[in-house]
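A.B. asks: Numbering-wise (this note's numbering), the first sequence opens with residue 1 and increments by one.
Source of the hints: derived by calculation from the structure; they are not laboratory data.
Note that CB positions come from ideal geometry on N, CA and C, so glycine has one too.
Wrong hints could be hidden among the right ones.
Unchecked claim - Label-pair distances were calculated between CB atoms; the ranges are:
1. 206 x 310: 34 to 44 Å
2. 27 x 149: 39 to 49 Å
3. 27 x 474: 52 to 62 Å
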Amino acid sequence: MGEGRVGGSLVWFRDDLRLRDHPPLRAANRRGGPIVPVFVWPPTEDASRAPGAVLCWWLHHSLEALAGALGERGLRLILRRGRPGEVLRELAEATGADALYCSESYAPAQRAADQEIDLHLERAGVRVQRFHSNLLLDPYGVRTRAGDPYRVFTPFWKSCLQRLPPEAPSPLPRRLTGPRRWPASESLAALELLPRVERAEGLQESWKPGEEGGRRQLARFVRQHLAHYALDRDRPDLPHTSRLSPHLRFGELSPREVWHAVARRKPRGGRTGRRGGAAEAFLRQLGWREFAHHLLVHFPHTPEVPLRPEFARFPWRTAPADLRAWQRGCTGFPIVDAGMRQLWHTGWMHNRVRMIAASFLVKDLLLPWKAGADWFWETLVDADLANNTLGWQWTAGCGADAAPFFRIFNPVTQGRRYDPDGDYVRRWVPELARGATEWIHHPWDAPRGRLEQAGVRLGRDYPHPIVDHGIARERALSAFARLRGSTGNRPR
DNA sequence: TTTTGAGTTGTTCGA
DNA sequence: GTCGAACAACTCAAA
1 MGEGRVGGSL
11 VWFRDDLRLR
21 DHPPLRAANR
31 RGGPIVPVFV
41 WPPTEDASRA
51 PGAVLCWWLH
61 HSLEALAGAL
71 GERGLRLILR
81 RGRPGEVLRE
91 LAEATGADAL
101 YCSESYAPAQ
111 RAADQEIDLH
121 LERAGVRVQR
131 FHSNLLLDPY
141 GVRTRAGDPY
151 RVFTPFWKSC
161 LQRLPPEAPS
171 PLPRRLTGPR
181 RWPASESLAA
191 LELLPRVERA
201 EGLQESWKPG
211 EEGGRRQLAR
221 FVRQHLAHYA
231 LDRDRPDLPH
241 TSRLSPHLRF
251 GELSPREVWH
261 AVARRKPRGG
271 RTGRRGGAAE
281 AFLRQLGWRE
291 FAHHLLVHFP
301 HTPEVPLRPE
311 FARFPWRTAP
321 ADLRAWQRGC
331 TGFPIVDAGM
341 RQLWHTGWMH
351 NRVRMIAASF
361 LVKDLLLPWK
371 AGADWFWETL
381 VDADLANNTL
391 GWQWTAGCGA
401 DAAPFFRIFN
411 PVTQGRRYDP
421 DGDYVRRWVP
431 ELARGATEWI
441 HHPWDAPRGR
451 LEQAGVRLGR
461 DYPHPIVDHG
471 IARERALSAF
481 ARLRGSTGNR
491 PR
């Protein structure tokens, strides 16, 4: 604590794998003294919450990129395996560091672990400082007048907007100083993140993990696609979504940085969409990300349990074969299957198709939303507990601001509306590639001869639909109606 | 405390 | 093909 020397700082990287606009790194750098950047790969305690293979693939490459970027500035990324509290304490002792800087986490299990880490380190004389690096606003700070957390998006976002825009992102630190002697580090290979994925080519073609990859994608989006965003973001056959989700998931981009890159871009004359234009539509999506984290923080049980308690009694089916057909993209509904196969091959699915596929699982198949959430968690390259939970509970109608129960997507109508030429289906369901556009979204209605000309025999080349949507819809409606009937509705 | 207005993303039916 | 209404009430947030 004396005036003479500043002790060293540990900068603990987790879901913030970047150097720009990185508050912990910035704080450590301001303080002066040597900086030791650390990444800790914890043992898996709960297999169901372990990151999926695709997430691990991304993490491997992102760590590689981060280590490279740090290396260019004379620092080393120290990789360790073990329980973070113990590893960090041991590293602090080994390097003489007396401060730890890191980002706040929001997943309930991690928050609990973080509290212990704080105690553990403070006892060892290490000061811990955390930052809300990966959100626009402190999720604990947004409250209704009554002091409660929000449960409805629109007022939540309105309240956020009063405190936005966020401050400008901080630039890349110019000088960084490391210790004279570096502590030992594991090799990246020793974390064994890679061998667990057997479809790396598809991923490699689709993504460039790391801060630079994220920045290039952000620039490309703003330059080429933002102008189309308001109108065409719902078209899975077109490339006008941002594809920033995995970069945000791993904190390779900060939401502040994304905000400013998008807001800077004034809509060019002429077509500014009726309601405020493309930038606003996109920033609103950042708002949903913000809202998801807000909900996770204030309702930490929601990854497991419906926010609306009556849904605990919902009569979900158990049907492993149907679940499997959905997972593999063999439901016989082309738009659903295309989405599920895109997910498997690239680790990503277009957002509109996520809604269609999710609605199909929950409402057409009456399978529990948690089963869908688990599959997305295992397969999505942008799997994020907050977003995944919000999305699935919204679809199932048991979450915040949830879709009304009678809103059941018709996979044929949705397919025709958002993939009007069938290009998306043709790309991901190649058995239908030679099919005519008029029945590409409902091949079971095609004349036998026409189907065979296109090389398709239902039940052999492509499955029969596993449910009749009309019947399934009625079944879902009555299940929801029974739930309502049994809850209340009693006269007061 | 009570009241009031509003609420991401749909579908179907009938005119 | 297009349009508007019905589908249900309920809960949230603010005045």
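A.B. asks: Taking the hints in turn, state whether each one holds.
C.D. replies: Comparing the hints with the structure gives:
Between residue 206 and residue 310, the C-beta spacing of about 40 Å keeps the proposed range 34 to 44 Å intact. At about 28 Å, the beta-carbon gap between residue 27 and residue 149 misses the expected band of 39 to 49 Å. In this structure the supplied range 52 to 62 Å holds for residue 27 paired with residue 474, their Cβ-Cβ distance being about 58 Å.
The structure fails to meet hint 2 from the earlier list, while all remaining hints are met.
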